[in-house]
Every structure is written in C-alpha cells, then in structure tokens.
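There are 6 protein chains.
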Amino acid sequence: MKDFFIADAAKFDNESVTSYFVLSSLQVREKKQGGQFLALMLADKTGTMEARMWDEFADSLASCAEGCYVKVQGQISKYQGKYQITLSKMRFAAESEIDAGDYQPSTRYDVDEMWAELRGYVSAFANEDLKRLVFAFLDDEEIGGAYRVAPAAKSLHHAWLGGLLEHVLTLVRVCRATVPFYPEVDGELLVTGAILHDIGKIKELAWKSSFSYTLEGQMIGHISIAQGMLREKLIGLEPFPAKLRVLVEHMILSHHGKYEFGSPKLPMTPEAILLSALDDLEAKMQNMRAEFAKELANGKSGSGMTEWVRSMDRPLLNSKAFLADE
Amino acid sequence: MKDFFIADAAKFDNESVTSYFVLSSLQVREKKQGGQFLALMLADKTGTMEARMWDEFADSLASCAEGCYVKVQGQISKYQGKYQITLSKMRFAAESEIDAGDYQPSTRYDVDEMWAELRGYVSAFANEDLKRLVFAFLDDEEIGGAYRVAPAAKSLHHAWLGGLLEHVLTLVRVCRATVPFYPEVDGELLVTGAILHDIGKIKELAWKSSFSYTLEGQMIGHISIAQGMLREKLIGLEPFPAKLRVLVEHMILSHHGKYEFGSPKLPMTPEAILLSALDDLEAKMQNMRAEFAKELANGKSGSGMTEWVRSMDRPLLNSKAFLADE
Amino acid sequence: MKDFFIADAAKFDNESVTSYFVLSSLQVREKKQGGQFLALMLADKTGTMEARMWDEFADSLASCAEGCYVKVQGQISKYQGKYQITLSKMRFAAESEIDAGDYQPSTRYDVDEMWAELRGYVSAFANEDLKRLVFAFLDDEEIGGAYRVAPAAKSLHHAWLGGLLEHVLTLVRVCRATVPFYPEVDGELLVTGAILHDIGKIKELAWKSSFSYTLEGQMIGHISIAQGMLREKLIGLEPFPAKLRVLVEHMILSHHGKYEFGSPKLPMTPEAILLSALDDLEAKMQNMRAEFAKELANGKSGSGMTEWVRSMDRPLLNSKAFLADE
Amino acid sequence: MKDFFIADAAKFDNESVTSYFVLSSLQVREKKQGGQFLALMLADKTGTMEARMWDEFADSLASCAEGCYVKVQGQISKYQGKYQITLSKMRFAAESEIDAGDYQPSTRYDVDEMWAELRGYVSAFANEDLKRLVFAFLDDEEIGGAYRVAPAAKSLHHAWLGGLLEHVLTLVRVCRATVPFYPEVDGELLVTGAILHDIGKIKELAWKSSFSYTLEGQMIGHISIAQGMLREKLIGLEPFPAKLRVLVEHMILSHHGKYEFGSPKLPMTPEAILLSALDDLEAKMQNMRAEFAKELANGKSGSGMTEWVRSMDRPLLNSKAFLADE
Amino acid sequence: MKDFFIADAAKFDNESVTSYFVLSSLQVREKKQGGQFLALMLADKTGTMEARMWDEFADSLASCAEGCYVKVQGQISKYQGKYQITLSKMRFAAESEIDAGDYQPSTRYDVDEMWAELRGYVSAFANEDLKRLVFAFLDDEEIGGAYRVAPAAKSLHHAWLGGLLEHVLTLVRVCRATVPFYPEVDGELLVTGAILHDIGKIKELAWKSSFSYTLEGQMIGHISIAQGMLREKLIGLEPFPAKLRVLVEHMILSHHGKYEFGSPKLPMTPEAILLSALDDLEAKMQNMRAEFAKELANGKSGSGMTEWVRSMDRPLLNSKAFLADE
Amino acid sequence: MKDFFIADAAKFDNESVTSYFVLSSLQVREKKQGGQFLALMLADKTGTMEARMWDEFADSLASCAEGCYVKVQGQISKYQGKYQITLSKMRFAAESEIDAGDYQPSTRYDVDEMWAELRGYVSAFANEDLKRLVFAFLDDEEIGGAYRVAPAAKSLHHAWLGGLLEHVLTLVRVCRATVPFYPEVDGELLVTGAILHDIGKIKELAWKSSFSYTLEGQMIGHISIAQGMLREKLIGLEPFPAKLRVLVEHMILSHHGKYEFGSPKLPMTPEAILLSALDDLEAKMQNMRAEFAKELANGKSGSGMTEWVRSMDRPLLNSKAFLADE
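Protein chains in written order, with UniProt numbering: chain W, 1 to 326; chain U, 1 to 326; chain B, 1 to 326; chain Y, 1 to 326; chain R, 1 to 326; chain L, 1 to 326.
Each statement offered as a hint is correct.
A pair counts as met if it fits within one copy or between any two copies, since identical chains are not told apart.
Each computed PhoX-like pair below joins lysine-lysine, with the alpha-carbon atoms no more than 25 angstroms apart:
| no. | residue 1 | residue 2 |
| --- | --- | --- |
| 1 | K300 | K243 |
| 2 | K243 | K258 |
| 3 | K31 | K82 |
| 4 | K320 | K131 |
| 5 | K2 | K89 |
| 6 | K294 | K45 |
| 7 | K154 | K258 |
Because the hints were derived from the structure by calculation, they are not lab data.
Take the sequences, apply the hints, and build the full model.
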C-alpha cells in the first residue's frame, strides 16, 4: 500500500516520506566538487518527481534499474519552484509489495459494473453461435482477465488501465442506440464485432509499469493478432457456421476503415461499415475530451481554441465552454 | 393526371394509350426506304420506353424539345423483347397539366409527417435563438417549400424528390440517439446543424423534369450557398449571439469533413465532428441500400457480393441476405 | 477428352464438329421473322467462339447454364470474318467427362518437376522447425493438391493453372541467388516466407471453369487467409518456437510492402524486406512478359513501344527486340 | 512617442533609458539566494531584449500582463554577449500613449499613395455595378480603415502592417499587365476579384500587439468570411446583377486554387484561373524575397543556396546575387 | 495542291471529286451478298469522312497503308445523315505532291512574323553569352526549322503546326510584361528560359501525317532531351560561364514545377519560379480557349457551363459569353 | 600523418597530445571572471571532442575558420564524464599535411580490389559499344579518380569515402546473380546501367572535409548531371548506336523509379525495371545495416526492435540477433 502520492508533495514540504514508485530514469553524474551522485526520476499515477541520492548509493545502484519498482525514504523540498526529493534509502520492490493501480492512470468507472453490463448484452443474444463465441473470449480466464485491465492505446485515446473495456462499452452502447435506424444491420453481429474488434490489443500492448507496444504488437499488430485469436478459438467451437465466421473476421480486419490505417480490407457489410464509423467517432470524441482536459491542466480557461492537435491536424474548440464564457 | 405508367406496359400490349411523359431524347432519322421518322425516348418515374413516330410529325417536332413534358397517343407493342410505343400524336404539355411527382422518383414516406416531426424537434428547443433561427428557414415560404420536395443529390444517395427531407430527418434522429453518450455535445446546436447543413442544396440542384446541378451549384456549391443564406437570414434576426452564429456557420462549412470533399474548414467542435461523422455514415448506409436494391433489380439473388461499387471503391455484401440464404 | 479446340476452327471450316466447352454466356433472343433462338458464347483454353442454336433448344436451355461445361455438336462457318458455330445439339457435361486443363490456360512447365524442386529446397533445411512447418503445408493433401494447380492471380501476372507454383518457384530461385550478398538474411527463413506468402490464394481464388475471387477472398483476402491457415496449422505443430512463428507471420502480413496494397504491416526484418522487394519484382517482370506477348498476338512487330499498360501506368519497351530490329 | 528602440541598445550601453515596449513574456523566478525576481522579455518592431526586475516589483506584477504595452525605466548592460536591461520601474501603458507602428513591422511604402492608386483603378471602371460594389467595401469606414493597416498573413509573405494593401496592389498591377494577352478575361471583373479576394483577412487576423488568428479566422477562414461580407454588402446594393454576383463570389471562393488549400471550389472562369495563378505567384515571390533577406540578416553572403525553406519544401537561390558574386 | 476539303462536302453533294487525304484507317470487310469491300476513313485538316470502295481495289490495297497520303476519285453522297464518299480510284501519293499544311491544323498567326518578333527580343539582349546561346539554337538550321513548325503537344493545348512557336511567343510576351514587378528577376535570363524550355519537343513529338510521340519522347521526355541538347550545344560555345549554364539548365529541368509532372527538380530561382508559373498559366488559358471553342463546335450556345474537362478535373464557364447572354 | 585519434582519448587521459583535426565549430565566449575564451569542436573520422583555449588565442583565431583543418597541441582531461582537450596551440593546417582518409569515415573494403573487380566485368563484355562507353568513364582520369573515393550519399546509406564504388559493386553483383532468371534482360546493358546510374554523384556531392551537396547537385541533381555527362562523353565516341544511347540514358533517368523521387521517367524496359528495383533494395538493406549498427553503438543488445527509423517510416528488427538471443 502506498501512503504518499507525488501530487501531494506540497503537503509534505520539508518532511520525510517513505513510499513506493516506478523508477522511470536513473543516471550517474559527476559532482562539481568531485565524486558522483544519482539523478533519478520517480513516477506514480499522479505524476513524476525528480530525486537525488548524494551518498552511499552503491547498493541501490546494484539492485535497481530503470522501469522497476522501488521503495525509497527521503526528504521533500522545493528547488527552482518544483518539489524534489533527496533520498537516504532506495531498494528494489517486488511486485507482491505493489498495487499496480497506484502507478498507472486508470478508468474512472467501476470495472465490475462495466464487465457485468457488457456480459448482460451478450447473455441476451438470440443467436446462440454468436453468444458462445463471445463468451469463449470473455470467459477465457487469461483473455478476460487482461480485457478488464488493458488500456486501449499507448497514448492518445483511452490510454489508461481499464481503457479498453471503457472504450468497448461506450462503443457497444452507441452501436445499440444507432441500430434501430439501419434495418440492414444485424444488431447482435454488430455488438459481437464491437466486443471483439480490439481484442488483439491485450497482446499488442504491455502495461506493467508503463504503457508500451510488445514486439508482437509491432510486428503483427492488434488487427491480425485478433484474427489469429479468433481462428484459434474457433477450433474449439466447431461446428461453427462458416458464414458467421467470415462476417466476424471481416469486421475485425476492416475496422480501421482504410488501408493506410492498417486495415487489410475495407468494410463491405452494413455491420462492418457501421462499426468502423462509430469506432472512429468514439476515438475522435475521446481525443477531443483529452485535449480539453489538457488545456485546463495547462492553466488555460478552456473556452478558447486549443493548441494545434497534431493527431487531428487542427485545433479544437470546446463549444459549451465557449458559449458559457462571459 | 397520368393514367398510364411505363412500368405497366405489359398490361396494355397491343392497346392504344394516351398519357404524359418527359421527352428525354429526340432524334430525326432516315428511313431505309427513304424519308424520315422520329426516334424518341419517353420517361416517367417508373422507367423509360422507346417510341417511334413514322409520319406527320412536323407539328410535334416544332413544338417539343428534349427535356420538356409531352402528351402522346400511341400503340404499345413488343420489339426485340422490349415494349415500345408507336405514336400517332405528340404535343407539348404545359406544367399546369402535370403533377411533377409522376415523373421523378420520390420518397416512400409522407412528407407532411416528416415535416411535422422535424418541426416538433425544433419547437421543443430550450434555446430561443436557435429556435427562431431554424424556424426562420423552415417558415420561409420559398425555402420551406423547396426543402419539402428537393432531392438530396443528383445521383447516388437520396436522389429522389423529398430525399433531402428524408436524409435530414434520419440524420436528426441518429444525432438525437447518439447525443446522450457524448456530454460535450450541445444537442440543440447539433440538431440545428443537422437541419441547416444541406440547405444550400435547394439552390444547388434543379429537379423540375430531371435532376441536375444549377450553374450556381457548380460555381458556388451547396456549402457556400448555405453559408450565404445564413448570413442573409441573420440580418433579419439581429441581435443574434455572435458566438452561436460562428458555431452554426462552422458546422455548415465543415460538414464534408475533409478539404478534398469541398469543406473549407475541418470540424473543430464536438457538434461539428459528430455531425460530419453521422452525415457521412448516413450517406454510406443509403448508398449501400441502393446497391442492394440494384442487385435485385438486375435479377440477382442479392445474397452474394455486389458488383464493384465505384463511389465506395469496393464491392458490398448484404450480410442479412447472405446469412438467410440456404 | 477434347478433340476440337477453338483455335483450330479454320481447319474445320464448313465441317461438323463435336466437342466440349465452357458455356460462358447464354441469351434467348427474338428472331426477326418471329420465334426465338439461342445466342451463345463458348470457350476453351485457346479462345472463345460465338454459337447460335436456331431450333429445338428447349432441352438444352433447361439443362445448361452460364458457367457450366457443355457438350455440343454443330457446323463451323465464317460470318463477318469470324468463325462461329451453328449448333444442332447441346447438353450439360459432367466434370467427370472433362479435363479441366483443356479449359483454362496452364503453365508451360512440368508441375511434378517444379514440385520436386521446391520440396528439395525444403528437405535441405538445417532448421528442423521451419522444415516441419513448410512440409505441414506441402504434405497436407488438400493444401498441397490445390497449391499444384492454383493460378497466382485472377488476371495480370501468372493467371493460369499452375501459376502459383511457377511464381513461387521463380521467387525461391531468385531469393536463393540474392541471399549471399546480404549476410543479415537467414536464407531458410526467407525461403519459408517465399513458399508460404501466397498460400492464401488457394482459398482466395476459384479456378474451376473460370478464374474468379471467392467470397472469402473478397472479404478476408489472401494475406489474412494465409495468416489464419498458419495459426491453425501451428496448433498441430506445438511446441513451435514463438520467435520463429512471429517472423514467419510477419513475412506473410507484410509481403505486399505497402498499406495501400493491403498489407497491414510494413516489412521490418531483413527477410521481410527482401521477400517483399523480390515478390514485387517478379510480378512486374511477369506482367512485362505478358505485355510483350500481347503485342505479338495483336500482330505488332514487338520492337516498338507497347500500348499504355494500365496496371503499371506507363508503356513498355522490349529492349532486346528493339535492338535486334534492323 | 518612443525614444529608444531595441536595435539601438549598443549606443546606450551602461546608460539608463526610459521607453515603451510590448511585454511579450513574464515569469516569476526564485533567486538562488532566496526571494523572487521577474524575468521578462520586451519587444518592439526592431527586435526583442531580455529584462530583469530584482526588487519592488509587486505593483508592476499586479498591473502588467503578457501581451500588453508597458512603460519601463532601466539600465542597459551586456550579459553573455547580449544586451539586457535591469528595470527599476515598469507600469502598464495605455494605447493612447502608444503609436502601434512602433511595435509591429510595417510596409515600406506610403499607405496613402497605395490607397489612392488602388481607388484610381476602380474609379476608371466602365462597369458601374462593379465600381459601386468595390467602393461599397473601400468606402466603408470600418472595412476601409482595417484594409489600410492589416497584414496579409500571420507569418510568411507580407506579414507586416499594410501588408494586405501592398500585396493586393502588386497583384492588381500584375493582373493589369497580363490581361492584354488573354482576350477571354474581363479586366474589370479580374481587378474586382483581386481587390476583394483577401478582404476576409481583416477579420481573420488580429494585429494589435502581435499578429495572430482570431477565433473566427480559425473557425470560418478568410475565404468564407469574405463570402459572408459580400452577401451582407450586396443586400444594400440591390438590384445587383445576379450573374456578376456569382462570378465575383466564385473568384473569392476559388482563389486558393486547390481543395487542400481550403478553396471549396476550383477556378472555372478565365478571371478565376488567372487570379488564382497570379495570387499564388505573388505569394511565392514575396516568400522568396523574405528568405533572401533572412540569409543576409543571418550574416551570410546571400549568393549561395539558402537554408531549406519549409513552406516551399526546397532551398532557394538568389540568382542575381549568385551571378554578381566573384 | 488540294481543291476539295472535307468541311466543304455539302457543296459537292452527289458530285464527283478528286483530291488528296491522309488515309487514317483501312479495313477489308465482307459484303453481305458475298465478296469483299474496303471500309476507309479519310482525313484532312478540316475533319474526317468515311469512304467505301466496292470493286477493283486490289491495286489500291497493295499500295496504300494506314497513315500514308492517298489521291482518290469518288462520288459524294449522304448516308444516315452524314456525308461519305464512294471511291472509284485510290492510289498512294508521294510527299512531293502534298502540302503538309493541308492535313494538320496549323497556327492562325504568321510564322515569319512570330519568328522575327522572337529573334528581335534576343537581338536586344545585353548579355552576350545568353544572346549567343539562344541564337545557337535558333540559327541551327535543323533546330530552327523544326521549331517553326512543331506543335506544342500531341493533344490538349497548342496541338497544331506552329503551336510550339505560338506558345513560346505568348509566354515570352507575358514574361516581359511581368518582369517589371519582380526586381529579383533577371529578364534576359527569364526570356532565355522561355525560349529554350520546350525545345526538346521538336524531338519528343512527330508531326508528319499525324501528331504522336517519338520513341525518344516516351523514353527520355522533352525535359531531358532539352537538357541533352543544351549540353551538346554548349561544347561549341566554350568558354561559357558555368553559372549561367547551371541557371539555364535549372530552368529547363524545373519548368513543370512538380515532381509528378516529370520535373526532376523544383524551381529554386526567381526566374525558374516565374517561368514555371507563367508556363502553367499559358497552358491552362489555352486549354480553356479550346474547350470554349469545342462547345460552339458541338452546337451549344457557349454561355453555359462546359462539359466536364478531364484534364482540369472540373467544368469551365466562359464568363464573357455568360454575361453577354440575355 | 595523424598519431592521435579521438576514439583513443581514454588512453591519453591527463597527457599532452599533438594532432590534426577538422575544426567543426568555433565560438568566442565570455569568461565569468571577465575576458574571453575559445569554445571549439574538433572532429576526425572516429568522432568529435570539445576543446577549450583559454589564453593567447588571437593568432589562432585569425588563421583558423570552421570547416578547415587545424594542427593543435593540448592536454586531455575528463569533464562531466566526457573527455575534452585544453589547447595551448592551434594553427591552420594545409591539405598537404593531411590524409583526408583520417577525417571522413571510409569503406572497409580495398578500393583497388573493388575497382579491379568492376573493370573485370566490363572487360568481359561482348558488346564493344557498351565496353568502350563504360571505359570512357572509368578511364577518364578525373571521373575515375572521383569515382574511387566519392561517398554514395550525404547521410543515410553508404555515406562514407568509397561508398559510391562499394554500392555500385554490390549492385553489379546482385544484378549478375539475378539476370539468369529473367531472359528478357540484356545482362551487359544492365551492368552498364548499374555502373553509370549514380555517376552524377561525383559532382552532386562534395566530400573534402565533410559531406555536403554542391550547388550544382542541388540545382541539377545527380540524375540529370549523369545524363549531361553521358551526352558530353558520347560526342567523343561517335559513331555510337542511337538505340543503345537511348536505352542507357533511359536507365539513368528512370532509376529512382518514381516521379516523386526525382526520376523524370518511369522505368519502361526490362533492364530499367530490374536496375531500379535492385538499386532500391540495395539502399534499403544498407540503411537497415546502419540502423542495426547504431543500436549496438547506443549500447543496446541489438536483439529487440530498433528506434523508429524515419527514412523508412517504421522500426526494424534484426531477426538473426532476435533468434540468437536467449
């Protein structure tokens, strides 16, 4: 359990604290007066803080490496307007000492509730084949476990623990709200696509102490990983209707909507077209939300144009805040 | 009133009929045995039919031109497996004799009901400025009248009388269904955008006897026509909040979503992004519906891949028909 | 067995022949003097020929459909400078009566020799895992059987029976000739990629009576089909080194070299980069060869610029013929 | 009135000065020995200079913000090779104390002369409708006033006070010189387009203390702003020939020449094509001129290749200087 | 000398004529009643006309081929609304019998006058090196001779005899009119570029009996051909200033303005930028002129939008005709 | 001769050295205690090192400039973890004192051996015209001399002395290995293209003390420089077969394979297509090799994904190292 979070440094000014962190960088530097010291960066889910260790750091240096968890003892103080910590002790911390949720940002929503809502939609399926297909994934201990905690991205939209589930659930809700207006769409097939389209992300991304791509993620990508998982899972579900298999596989492969975004096929069915459009919309709206939050975090009023948003190649405007601003 | 429609030719084989048509093409040709005859193409909303006029066509030729309405008398017969009509009389027909709805395809839905539903959404607006802005358009006799009959396109999606209203109404419904999941979006502003975004089409398109672009449509385009109409209409509504004006104008200008589709600005607000995405989706789904219908009209089963769809650069599959096919 | 081929029509002018064909189109038309007749197009691997059946075709019409094989009896004659055939009999022909090789163009090379050469390269692999992986495909009765006859494309390069094997074998040879100059490349891994990269084409293409895409080919594509086949095949080969699996999978996914050509990943390893470049080269050289042949077939000398080649967006020049031309 | 300009710092080394500046940045920092100080950046049209205020800055801090004008008293000195100023006093300065021309770069030409030349061309118009249209803009106090001072861009070509007028005048001159060679072009219509095409920039840009985009500029853009201004202005000029209105509107909308540059329409008339080409040329030549000047300002000889010019994606060469260089 | 032109057929209805033509196509066809006849297409600079030769054509067939000149005797008559000619005689015609100007469209202007004007500009050059360089081309008998008759294109802008000279002369005039506004530009260098930029077209194009690309034109292109001609010509002019050589070479290489238009370099000097922009403008204005003429030739009023112009990806409007139309 | 290389600094810690370097940057800075000193950067082919000169540097400053060679005497010491040198003497060094190979990275292979191998291939040509053409370049003292030392690029692939020859030789070898599989290819023509395609680089690049583009390189480019050199060289070889000239010229012009890479023509012959593909492959493989080396140089294991490689728009994986890693 972690008692001290970086965001609370001001409350501990000039006090001594003991806590756990991710050691995000570590350098040995020369003191001006001769000798060496450690220049460190510590992180938890609330931010990052510089640290210095001036003496007797040989053991610390031997046991701790960038990217691992550490337990430290030190004194908080302010330097050039920012808080930092001068360490007297630092040691490697085992994962058993750690609650990973303290070190990565995570969803604001209750994972169990989200999971139950998602399973509820599937339980109500009339199509038994789609139902057993989706549950084969959700009830798979390894897959289901990862699905509940995975982020949806390394950065950009939904880049937090539980982000994948949160993204999928919103998408499923929007799909269900939109289906009544498009009679060509098979609603259960669509929801199946929404739940499985990003399942490859649980192997594309790693989120232990920081978010990153796995080697398999870079070489194969979540679209093809998902297709591979589907093929493997289907072997245990045979006999499974070949037509349903093709339609589900097609939704997975085409959901990025364009070749240049890594989809090897363009959406060709009503479900694939709708899924791809709403998935793209969800990502854009979530990006926008993040940009609006960033403006506030940077001390802006939030009612003017944002900075240039590179991923969307334009600035954005929070219209509600703009209208509310006197 | 029109008693005979081209689609009913089989019922009148070898009979004489009298009816009105659009004269879609007219050629004077040489008879093999010497002398001339008229080779004509007649059209109404149910299809097209070849016609021949062998004798005494001087008066007809003097009064009738391609693209006008004509009243004809003639005999139906079958030639090389297709019905055609041999005319004994043909004369120019005034628009007063004509119900334009007989000559252009038109919406399957009740225009009055659609119009009432649309007005109902606006009546319920809490924002009085947006309410009087939208009604300034809908209650404008000329604009409102055109809005109720205009097609939404020259070809492709919603290319029929009432198509604009039908397109807008579906879009408004989908917008309203989607808004609850995106708290950043101002629902009334979004619906305002949905109702006004294509208003320029009533001047971009002409639909008297066939669908075509006006010169203003080609030179200015419906996006900028709409912006011009907005600026003109606002003069009578002053004082009108400048911020609302900018936000509505921005939705109109950006709704095509990309520069290469003729939008001079990319969507930058939550409402503009949502409107642009759902408008694009609506057009794609409607295109798809039309392609599926075309397959059936071409005598295919409808459960296989369609022909290559040029506007979407891919073939399509009607997944429901595919699954239902034994 | 087929005694008469379309290319030999001139030798049978005004004679009666009996033979098998693919019925590539069938229409019922009206005779000018009343009544109906059949207008047909017959095909075999040497070309196409028009046919007419003027009388007593009711049974023929009932049993024969476009795309099936037929047995016909008729008289050859010349009409407007082209040979056609007037049929007295036509009936459906079972596949058992047919040697498919008579109806589709096929490779000039001996399939057994090519197959043996390909297997020989694999037999010599030092890497036992790659060896058993490749043989798991080649020795699979269904896959191996299809591999030996499949074309490599619907049209363009290697669009003939055995074309896939011919394409792969040339590619393997060029890979092996090039490897010595690039020490970063693992030769056996590269050859594995060359043999498996297009394996999905055996399910993407259909080649029974004409070359076409399967529905799975259009919806999934040969790249992802191949990846799916690999995943399924690997289940029976476990334990299989995970690293090798990722490298092989990556070569398959990236071999088109660009997103816009349907590869969901760009080549990132020495083997993937080399394979993708040489595969593209092979296709271009084979296209060029086909264009040069087409010029000769069209009665040109072959030593000047070809017509515009759409697939390459340029005309071509057979430099050897150009130099040899006096 | 401003007595001291930043470019003259060397002449005042170790002297005390009193003058006005734009306060372009302001930070409160910690002194090493404890306590705080102000780190400031001051600007005028000749450059920028760092400033420090070590003591008694509470009142200054309360009244002055980034972007406002300030009056300061301080001592010039050199630090690390650059001049800076140590302030004893700083207070907010009202616009009434300021001549904005001292703080922004401005045109080298006489605005009144340019204005008179431009009006002279319009006075000579034979087409009364175009004449009263253009004068309706030029004689509008608010529009005309802004037109005389606005820059033509935030950065790049003509980014200085009076830059818009200077750009337009050169463009009008080149248009007039070119017209004789293109008989299809209506010269007065062309000059009308040249004068009005960028009129929206007076609302797209703000130039009070620094050049920036307005919110309306970012959301609507100068092309559509201009079209809106035209529509509003025409209401007071009715009856105005509809054909002329479409042609002028079309020139405004299409003058960027390509969709990806924000034009919703491509140029389709002789005047629109000529205007768009010459406007693009003018901008390129002016950019080039600025790049050549920058080379000299950076201490280069000016006779070699410039640095890479990002906006043109190439380096440039001043050919006259290159030839003159021995 | 040619007495009869195709455009005059109506005046010779049912009369016999004797004249020369280009034989643009020749086919041997089967008569319905047995035997063969010749189906021919004849052309001169005023148009094309179908011809038939029913009997005794063996000698004609032996001596005449597509693309050669022929002398024919025959009877004019009207068939299906078009004039054609029934030939009694046809023989090969030598070039000595022919005035090539009768068979290809050619410039409306006097070639000698244009040539003199062009030479006059060069004679006035102050820069002796540029003067002798340009004259080395113009006074080269082979080059100068070809320059005076070459078309500027195979189709599109200036596709007629003398078109190259006409295009260059207009370009030179516009360059000279524009130079005064751009002091960075060396006017004589610019005019040198204007005169030499397209000189490669005299080897890229062939224009004997019809306009086509040479093999060298397709393989090397007029840009690189021109550069090669410059290098060869400079050998005889040594010593020639290296800097001038680079600047002239650069104008030639960059004058298409973009890589995708076949320029291996982008324009980097004031002269190259101006030349490239005005050359592009000249081509667009000339294309537009041709499209306006085509509308009139197709019997349209010329005051409405033209058909879609593929080479410019838009329709066009003749604004002067549009305004003049009541 | 150079006794001390920068990479050997550790062996000379706290010792005095005397050696030659390239002076890559030079700045005069203010000492904190008043007065000035020189802050310098020295370079040789093994790396770069900071230098300081605290006193009596007036003569050094007067004679030495950035980019020239210098001879220095100084003391090696470590500062903030890096070696630097404190100079007591520095003077300009003439090129006669210098072996350029000490200052630029150069090929690992023996230039004489490479040269002999290349010449050997040409000596064996059966085609005498191609043989004398290639030798006209190789035996030209100026061209041949530069060919043996030129780098193949400013940065990226083969950016070292001898890199051009090394690149060409590998390309020739791969060409020769590939030719047997493509009977349409004339092997000697292909090798001629491989040897001459980049010959323009000897004038496009400068490599005296650092690698850079010449002005001619930027304005004309190595493709067109090579074409110019070919035209000039051919004048001395006449009579030379025109067809061979066109084919060689075409290979040079088209070898970049795409317009956007600066080729004015696309490859249209078997030799041009093969050359362009293998040249591109060679460059990619060499880039990859360099990226793998960079990973090791940066202290990474080399068995994981590399950093993002901008020139290839992807990361890379050294598959052999990846497989070998336990």
